[in-house]
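Trainee: Chains as they are written, first to last, in our numbering: chain D, 1 to 251; chain R, 1 to 251; chain C, 1 to 350; chain H, 1 to 350.
I should point out that these hints are in silico values taken from the structure, not numbers from a laboratory. One or more hints might be untrue.
[To be verified] Straight-line C-alpha distance at most 30 Å; calculated BS3-like pairs for lysine-lysine:
1. D:Lys74 / C:Lys136
2. H:Lys205 / C:Lys136
3. C:Lys174 / C:Lys136
4. C:Lys127 / C:Lys66
5. C:Lys25 / C:Lys127
6. R:Lys75 / C:Lys127
7. H:Lys104 / H:Lys127
8. C:Lys104 / C:Lys205
9. H:Lys174 / H:Lys205
10. H:Lys174 / H:Lys104
11. H:Lys104 / H:Lys205
12. C:Lys205 / H:Lys136
13. H:Lys25 / H:Lys136
14. H:Lys127 / H:Lys25
15. H:Lys66 / R:Lys74
16. H:Lys104 / H:Lys136
17. D:Lys75 / H:Lys127
18. C:Lys174 / C:Lys348
[Claimed, not checked] Covered, in the sense of this in silico footprint (three residues per stretch, anywhere, with C-beta under 8 Å from a C-beta of chain D), are these stretches of chain C:
19. 65 to 71
20. 83 to 92
[To be verified] Away from chain D, derived, C-beta distances all over 10 Å, residues of chain R:
21. Thr2
22. Pro61
23. Lys75
24. Asp82
25. Met133
26. Gly161
27. Ala164
28. Leu171
29. Arg188
30. Phe193
31. Gln223
32. Ser233
Note that CB positions come from ideal geometry on N, CA and C, so glycine has one too.
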Amino acid sequence: MTISAGLVLLFIAIPLLTTLTAPTGEILLETLNDADVLKSVWLSMTTSAMAAGLAFVFGTPLAYFLARNDFPGKKVVESLVDLPIMIPHPVVGIALLSLTSPNMWFGEFLQSMGVTIMGTRTGIVCVLLFVGMPFYVNTAKSGIESIPRRMENVSRSLGAGSAATFFRITLPLCWRHMLVGMIMCMARAISEFGAIIIVAYHPMIAPVLMYERFTAYGLTYSQPVAVILIVVSMLFFLLLRSMSLPKSEAQ
Amino acid sequence: MTISAGLVLLFIAIPLLTTLTAPTGEILLETLNDADVLKSVWLSMTTSAMAAGLAFVFGTPLAYFLARNDFPGKKVVESLVDLPIMIPHPVVGIALLSLTSPNMWFGEFLQSMGVTIMGTRTGIVCVLLFVGMPFYVNTAKSGIESIPRRMENVSRSLGAGSAATFFRITLPLCWRHMLVGMIMCMARAISEFGAIIIVAYHPMIAPVLMYERFTAYGLTYSQPVAVILIVVSMLFFLLLRSMSLPKSEAQ
Amino acid sequence: MIRLTALHMDLPGFTLNDVDLHIRKGEFFALMGSTGSGKTLVLETVAGLAPLDSGTVEIGGRDVTKLPPEARRVSLVYQDHALFPHLTVLQNVMYGQRYHGIPKERGRREARDLLDALGLARLENRKPARLSGGEKQRTAMARALACRPDVVLLDEPLSSLDPQFRGELRHTLKQIHEDMGATFLMVTHDFTDAMVLAERGAVIKDGSLHQQDTVTNIFRRPATPFTASFVGMTNVFPARYDNGSCAFAGHSFDGLPGLPEWRAGFAALRPEDVIVGTAADFPAEWHIMEGTVERLEREGFTWTATVRCSGQSLTAMVDRHMVLNRGLGIDSPVTVGFAGEHLHHMPKDV
Amino acid sequence: MIRLTALHMDLPGFTLNDVDLHIRKGEFFALMGSTGSGKTLVLETVAGLAPLDSGTVEIGGRDVTKLPPEARRVSLVYQDHALFPHLTVLQNVMYGQRYHGIPKERGRREARDLLDALGLARLENRKPARLSGGEKQRTAMARALACRPDVVLLDEPLSSLDPQFRGELRHTLKQIHEDMGATFLMVTHDFTDAMVLAERGAVIKDGSLHQQDTVTNIFRRPATPFTASFVGMTNVFPARYDNGSCAFAGHSFDGLPGLPEWRAGFAALRPEDVIVGTAADFPAEWHIMEGTVERLEREGFTWTATVRCSGQSLTAMVDRHMVLNRGLGIDSPVTVGFAGEHLHHMPKDV
């Protein structure tokens, strides 16, 4: 059993380690000074952070609603929320483009508002929000579920309305879950590539840049960018683990 | 609250619905008769299924080990298992190529065994296994955790060894979790694109084919393929939901 | 103070069946029932937390049926306390005051007074996780009282406590009720709690009320066989009444005091009022039955016997002496006796 | 039959401290202790489920310390039964037989006999989810016995049951033990269970054994203050012994029988052996103390008082009559009395 378990761990760890150790220090330094690389990493991080912020604002009410209500068809709604995880990534890009193409009424409306999706930061954020939303909603939902309903009932009976109860009881007790949800949403967003390459090849986010280097110059020149991206992902990971959810804070 | 929750659901549902209704029946029929399309969908499904099967064989011991043992550094191992979710997809491709490139000892070893990763089915399955493994391991692990350890203890005390206990008690009680894990692994594998496009542009899996149609012929000609992929994903979804885990079967 | 009229609620697998209840101002009222009887649902209806199909809830003369919980001036105390874990004891207690127009400084003073009175003064800066069970319970009470509610709703207030603290907290609860003058509505499955704390009460089973009266009357004169066994009169027999005699368990008894007018009903006895002995042991005016011992139990440090009398089983007390010295055992033929005034009669249909 | 020698285990926050235990063939042994005392850990050590730091476990003369659970011929019965939910009652019972060389047909016959004896015959095709608590418990017993183990390990076998079933199952358990001839080791936190079921027992606290003896001796002559309060002698006082007198709670008593030789120790009394009254109520040979009532409790249908005598609190029984007719209340000065032979003495250090 232990051998088989170890094999799986090696299967995951070795390719990443190989990549991390592949580029020489010189090439790595050069890449770190490459303005295009830095710009793309920065773009990746800012758009992902924006997606996470939007997920918090719009996803929290949905998460609360799902955590606190049972209704026929709840499973259908939950499936819908999970759907972006399972849809092939280029399909996500195609779907967003289909909706916003100028010969659709919605696309026309967006255009008249001066909003362009194709090839813009707005488009990138849209895609990242689409793929990251399930991660935020599910984590926030399980956080809210972990707070006994009775606490909210007591708060209501003591005179606090539902909004006051949310901000004085629910939020202080599950902000950690929400933060973890945002980090997961952001991490998922940073890893996105298939949908972005369809909606917005330019401005180049980091995974697209790396893909370009790979197709134009081959493996060796894409590896340093890969190293940077792995390191960034790992940092998110450490952040996430250091936030690890205390299991019974709500007791 | 309900309005904001509804907005999120619309944001997920509308792009997909638009895509589903975009192509005319005629074009859709034509696409369904296109041998390239059918071949690619078939390839996607078979390679994903193989990845799910491998995840079951190799991932189950790891899931069991993690579910039943507490040890210092467990969190690190769990993080490692989750890592493929967060690594940008093209980086996954680069990492697998780096490991198996013929100028590495491992790549050399593989070549001498007659195994090629770049541009083969083997490579596709490798990538899909890499990205799908966390979904299987995490679901199987939570299934095993849901079975009280005491049941296994009783089985041992009645004379059944650890293997007999696994096959007579643990497996019959959590095969549903394992099946759900395999479906999730397969669904995640079908959606992969960013890593595949680097490791194996040919033979073309469905998302790659769609990407090619998009770049070569534009949005309209990629939409019918997108429709087929959305339908396939939805079928997985229905399958998954119909398996929905009974919460307290182990009581 | 609280008037519930024809409360009706259809839930999957459970129906709350036209419950009428009237609770007077300032009284301590106990709603008693087993798990699944619907007692907590009634409590949540008063608090505004459970949606009614029909019926009205009035509190202090106001119809509050349509009002949200925060507008009802009721405070809820749950069995598991539901203290807010991120707030200190003092912050917990002061939580609701701002919504009841109590200025902050005065609120803090009043909260401290309450904590003082409940012996929690030195814990005011602790978080709930560091309190003992009894301290949590008292903090929850203080929090409920600090916003001067019209009604305090208690959900099984004592059942999560260790036996050694229960007595102490019963005493505290009774004291609080006497000092505050608020109306208390408690739901409980423990008749002893109700006996000690409440003046009046009601018994609910399967969503229907069985009896509503003073607790003493419920204890002494239960109205239905269910209520009888709930208050400890666990020996319930179908009985026939005829010409001043009462027949049950294969025996017919004459000269019983206070016989009812109905012909068919139930007769009931508390186990502790039925004594196992031999005929010579009982005073002449007692009534006796013959039977055989079916089971003999030592519960803690006392003995009880299950005695079979003509097809009916009854539970009776046994003297230690009977078991140890006279060698009472399974299948021993015995005489059981009871005093006529301990026999309680109930009609067939309520 | 079972010999545990110097079992030692260091866990985070808990140490099992050199436990020696000897259980004879065929006896019913009770290991008693509160939650967290380490009693379940000892059970798991015997079953081979907990890793030892040092010490040996012998079963039937075999050193099994290094053997896996499946090679030890012990059967485990957990408090929550841990029935296999996907198997029927009969399949559960037959589960272990194949590993003990019992052929299938004979195994089925034996399993059916066991189910018959336990009154489960008509349930053999049911799944555990559709059994009541008592039926689950008996199925778990049948499963443990069906593979003819040398030792049956019981983890709190009765504590998950409702009080009304406990008595019945105690009886069943005792019967099974008498019929089967296997060695039973039970852990329990309930002394009453041990009293009724076991012949010998041991008391464990914080990972150390306090006493190992027949249950009657543990009950009558507890060796340490902890054991004393565990078996219901909850009034424990530091005492001084001098020239045939014994002093505690501010009183000095002469003429006590069986005084020990040590000078400092503990004296203990069961609450039910201490009676509240007035001086005239007690027989001349009883010993009396003066005190004031600190608290008066009605527990169920009896009364107990906490009486303060010179800085020590003690719990005593009160006659109903004292409370109702003589108006006993908080702060009443009272006399409490006890018979000299009920006073138990323990040395300071064990």
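Trainee: Now tell me if each hint is right for this structure.
Mentor: Results of checking the hints against the structure:
The straight-line distance between the Cα atoms of Lys74 of chain D and Lys136 of chain C is roughly 36 Å, outside the 30 Å bound, and the hint therefore fails. Taken as a hint, the Lys205 of chain H and Lys136 of chain C pair is honoured in the structure, with Cα atoms around 27 Å apart against an allowance of 30 Å. Simply put, Lys174 of chain C and Lys136 of chain C have alpha-carbon atoms about 17 Å apart, close enough for the 30 Å limit, and the pair holds. Taking the CA atoms of Lys127 of chain C and Lys66 of chain C, the gap is near 36 Å; set against the 30 Å cutoff, the hint is violated.
Straight-line distance between C-alpha atoms of Lys25 of chain C and Lys127 of chain C comes to about 34 Å, which puts the hinted pair past the 30 Å bound. About 29 Å separates the Cα atoms of Lys75 of chain R and Lys127 of chain C, which keeps this hinted pair within 30 Å; it holds. Between Lys104 of chain H and Lys127 of chain H, the direct Cα distance comes to roughly 20 Å. Compliance with the 30 Å bound is thereby established for this hinted pair. Annotation: proposed proximity of Lys104 of chain C to Lys205 of chain C is violated, straight-line Cα distance about 44 Å (limit 30 Å).
Between Lys174 of chain H and Lys205 of chain H the alpha-carbon distance is near 26 Å, which keeps this suggested pair within the 30 Å criterion. For a cut-off of 30 Å, the pair hint linking Lys174 of chain H to Lys104 of chain H stands: about 29 Å separates their Cα positions. For the hint pairing Lys104 of chain H with Lys205 of chain H, the CA-to-CA distance comes to about 44 Å; that exceeds 30 Å, so the pair is violated. Only pairs whose Cα atoms come within 30 Å are accepted, and Lys205 of chain C paired with Lys136 of chain H is accepted, the gap being roughly 27 Å.
Distance restraint check for Lys25 of chain H and Lys136 of chain H: the Cα-Cα separation of roughly 27 Å lies within the 30 Å cut-off, and the hinted pair is therefore satisfied. Distance check on the hinted pair: Lys127 of chain H and Lys25 of chain H sit about 34 Å apart at the alpha-carbon level, beyond 30 Å; violated. This hinted pair checks out: Lys66 of chain H and Lys74 of chain R have alpha carbons roughly 27 Å apart, not beyond 30 Å. At roughly 23 Å between alpha-carbon atoms, Lys104 of chain H and Lys136 of chain H fall within 30 Å of each other, so this suggested pair holds.
Proposed proximity of Lys75 of chain D and Lys127 of chain H is supported: the alpha carbons are some 29 Å apart, at most 30 Å. A threshold of 30 Å between alpha carbons decides the hint, and for Lys174 of chain C with Lys348 of chain C the separation of about 37 Å lies outside it, so the pair is violated. Counting residues of the segment 65 to 71 of chain C whose C-beta sits closer than 8 Å to any C-beta of chain D gives 3, which meets the bar of three, so the coverage hint holds. For the segment 83 to 92 of chain C, the proposed coverage by chain D is satisfied: 3 residues have a C-beta within less than 8 Å of a C-beta in that chain, meeting the threshold of three.
Once the 10 Å rule is applied to beta carbons, Thr2 of chain R is inconsistent with being away from chain D; the minimum gap is 7 Å. For Pro61 of chain R, the requirement that its beta carbon stay farther than 10 Å from each beta carbon of chain D is not met, with the minimum near 4 Å. Once the 10 Å rule is applied to beta carbons, Lys75 of chain R is inconsistent with being away from chain D; the minimum gap is 6 Å. Its beta-carbon lying about 8 Å from the closest one in chain D, Asp82 of chain R breaks the requirement of being farther than 10 Å from that chain.
At the 10 Å boundary, the C-beta of Met133 of chain R falls inside the reach of chain D, the nearest C-beta of that chain being 7 Å off. Separation of Gly161 of chain R from chain D is adequate, the least Cβ-Cβ distance of about 13 Å exceeding the 10 Å criterion. With a least beta-carbon separation of about 14 Å from chain D, Ala164 of chain R lies farther than 10 Å from that chain, consistent with its non-interface assignment. For Leu171 of chain R, the requirement that its beta carbon stay farther than 10 Å from each beta carbon of chain D is met, with the minimum near 14 Å.
The Cβ of Arg188 of chain R sits about 7 Å from the closest Cβ of chain D, inside the 10 Å cut-off, so the non-interface label is violated. The Cβ of Phe193 of chain R does not lie farther than 10 Å from every Cβ of chain D; its closest approach is about 3 Å, which violates its non-interface assignment. With a cut of 10 Å on Cβ distances, Gln223 of chain R falls inside the contact zone with chain D, its closest approach being about 6 Å. Non-interface status of Ser233 of chain R relative to chain D is broken: a Cβ of that chain comes within 10 Å, the nearest being about 5 Å off.
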